[in-house]
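Residue numbers (our numbering), protein chains in the order written: chain A, 357 to 558; chain B, 357 to 558.
Incorrect hints may appear among the rest.
[To be verified] Pairs of lysine-lysine, DSS-like flavour, derived with a Cα cap of 27 angstroms:
1. A:Lys389 to B:Lys378
2. A:Lys378 to B:Lys406
3. B:Lys389 to A:Lys378
No wet-lab data here; the hints were simulated from the structure.
Protein chains: 2
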Amino acid sequence: MYTGSLRRLIDELGRLPGIGQKSAQRIAFHLLKVPTEDARRLAEAIIEVKERTALCAICLNVADTGELCPICADDRRDTSVLCVVEDPRDIVAVERTSRFSGRYHVLHGALNPLEGVGPEQIRVTELLRRLEPERVQEVILCTNPNLEGEATALYLGRLLAPLGLTVTRIASGLPVGGDLEYADELTLGRALEGRRNVADGS
Amino acid sequence: MYTGSLRRLIDELGRLPGIGQKSAQRIAFHLLKVPTEDARRLAEAIIEVKERTALCAICLNVADTGELCPICADDRRDTSVLCVVEDPRDIVAVERTSRFSGRYHVLHGALNPLEGVGPEQIRVTELLRRLEPERVQEVILCTNPNLEGEATALYLGRLLAPLGLTVTRIASGLPVGGDLEYADELTLGRALEGRRNVADGS
């Protein structure tokens, strides 16, 4: 139905995550309508991100080629605490809380035996190699609270336990502003398990 | 939080229709991960669609630069019936029905006085200019069944009425497989208004 170059663009857009056939069409027609320079800016941004982006040599976060990521380059960050995340996007989520002033380590994945992702497929070796030179005192396991993330945290917890540093796991429980009535039983169960003293009884 | 080129890509992606901040991030990280040639293919498809795509000289559908669209180029199509649509995508929708073998005319919009879209802003002149040379017998007003589309159909109906050709409007009613219970009152009202004889009573 569509001509050659439009067809190709729709196909390429349809390969992007979360973009179905309808969205791909909508975006393609949008690009047809906008000024050429706008479309060209998008095309150039795509090329550029591939050319100029690499992984930070310290934490494996996304960084400009040949440079450290903004967090590792910031010498006000506390190097004794390491927050281990699955993905660079998780760093953004943690940073948004303003509750963490240490550095990160990006695993680039989580253990998933069914899909063939073992410890060798994620950046565990790089994590171990950092602990001594950076004099890390605490490792916070900040992987996702799902099956793969929990398995990864469990694995790393066992791996790091003998090394004599504090290893912690972020809390699971009811989201702030949440509602008991709508909580799933797993989350509520976790919230109960992780209950904390509010009064000493003394 | 993100480095220069990644930030720029996320911003550019976020300008696309239906792409929010989260989707833009997801797509950008996806592009970071895929092989460079895949990302380059997308970038090139964007540039190419701007360079090689123009409007069909007859119906204003999207076409390769300097050529007619596949439908106007097909000499088996009936030139005496013209289906007027708002957007090239609507042609795909009508073609999918396999119920129409005439040609199209793309208005590239619908009347919307509030946003300053009058008859001069959509391709009405081009429509009028086609009627005689192509010996059009029937014009099917196939604009959307919403406020703007109805206004456009009303306007075109009045404009074409004195020219001695058949002017029709697509039917509104319950969608096939729909449910009376969930029909909105406007649609159900239209379905009642447009009711058709199924038995003659004779």
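Verification of the supplied hints:
{"no.": "1", "hint": "A:Lys389 to B:Lys378", "result": "24 angstroms, holds"}
{"no.": "2", "hint": "A:Lys378 to B:Lys406", "result": "20 angstroms, holds"}
{"no.": "3", "hint": "B:Lys389 to A:Lys378", "result": "24 angstroms, holds"}
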